Amino acid sequence: MSADDFPGWHGTTILAVRRGGKVVVAGDGQVSLGNTVIKGTARKVRRIEPGGAPVVVGFAGSTADAFTLLERLETKLEAQPGQLMRACVDLAKDWRTDKYLRNLEAMLIVTDGAQLFVITGAGDVLEPEHDVAAIGSGGNFAMAAARGLMETDLDAETIARKAMAIAADICVFTNGKLTVETLDG
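Take the sequence shown: its letter number 130 is residue 112 in the working numbering, and every next letter is one higher.
Just so you know, the hints here were simulated from the structure itself, not pulled from any lab data. Nothing here was measured: the structure is a model prediction, and the numbers come from that model. Some hints could be false.
[Claimed, not checked] In the DMTMM-like style, the derived pairs of lysine to aspartate or glutamate whose C-alpha atoms are separated by at most 20 Å in a straight line are:
id, residue 1, residue 2
1, Lys21, Glu31
2, Lys58, Asp106
3, Lys21, Asp47
4, Lys81, Glu109
5, Lys81, Asp106
6, Lys81, Glu60
7, Lys4, Asp106
8, Lys4, Glu109
9, Lys4, Asp113
10, Lys75, Glu60
11, Lys4, Asp151
12, Lys4, Glu31
13, Lys81, Asp94
14, Lys4, Glu111
15, Lys75, Asp106
16, Lys58, Glu111
17, Lys75, Glu53
18, Lys81, Glu31
19, Lys4, Asp137
20, Lys4, Asp135
21, Lys159, Glu133
22, Lys21, Glu139
23, Lys75, Glu109
24, Lys144, Asp113
25, Lys144, Glu133
[Stated by the list, open to error] Label pairs and their in silico Cβ distance ranges:
id, residue 1, residue 2, range
26, Ala35, Asp106, 45 to 55 Å
27, Ser44, Thr79, 31 to 41 Å
28, Lys159, Ala61, 33 to 43 Å
Ideal placement from N, C-alpha and C gives every residue a C-beta, glycine not left out.
Produce the complete structure using the sequences and hints provided.
Take a look at the structure:
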């Protein structure tokens, strides 16, 4: 069996919704290898507190790569407490230019409750429009659902949970076993 024949790891839907002074980050628990669910309760959303300030990070992609990036982000935030944008930009710059890091395959959603960013290995640090960000295999489904639900009077957590349920109904690589973290803005 060649590397091209080996079925890829799939799974992850991470969604962030900002509304009413809160940011909610929700992630599903499914990890799949090809057509097989390997784990249904993975925790892809983490709360970290570098320098005492809470930050929530959701990740999609290779788990080892995501944890490497999470550790790097923590180090940047410890060196620059309260400077989330600067830490994210520095991480993206390192990720794009470092010989080892540039091969990492993951994406991150990062928030401190006031700011919300998507960080990619292409060097992007994106502030989402419409107060909704999503990554992962079911990310587009969750984002579309959340953007539609933003037209209602629902709170951020309800929107995130409903949008993730819709994504889980559509994307075979997404399940309904959620990890949800909330930060006040």
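Going down the list of hints, with the structure as the test:
no. : hint                       : in the structure
1   : Lys21 - Glu31              : violated (27 Å)
2   : Lys58 - Asp106             : holds (17 Å)
3   : Lys21 - Asp47              : holds (18 Å)
4   : Lys81 - Glu109             : violated (26 Å)
5   : Lys81 - Asp106             : holds (17 Å)
6   : Lys81 - Glu60              : violated (23 Å)
7   : Lys4 - Asp106              : violated (24 Å)
8   : Lys4 - Glu109              : holds (16 Å)
9   : Lys4 - Asp113              : holds (11 Å)
10  : Lys75 - Glu60              : holds (17 Å)
11  : Lys4 - Asp151              : violated (26 Å)
12  : Lys4 - Glu31               : holds (17 Å)
13  : Lys81 - Asp94              : violated (29 Å)
14  : Lys4 - Glu111              : holds (16 Å)
15  : Lys75 - Asp106             : holds (9 Å)
16  : Lys58 - Glu111             : violated (25 Å)
17  : Lys75 - Glu53              : holds (15 Å)
18  : Lys81 - Glu31              : violated (28 Å)
19  : Lys4 - Asp137              : holds (9 Å)
20  : Lys4 - Asp135              : holds (14 Å)
21  : Lys159 - Glu133            : violated (25 Å)
22  : Lys21 - Glu139             : violated (24 Å)
23  : Lys75 - Glu109             : holds (16 Å)
24  : Lys144 - Asp113            : holds (16 Å)
25  : Lys144 - Glu133            : holds (13 Å)
26  : Ala35 - Asp106: 45 to 55 Å : violated (23 Å)
27  : Ser44 - Thr79: 31 to 41 Å  : violated (20 Å)
28  : Lys159 - Ala61: 33 to 43 Å : holds (35 Å)
Of the numbered hints listed earlier, those contradicted by the structure are 1, 4, 6, 7, 11, 13, 16, 18, 21, 22, 26 and 27.
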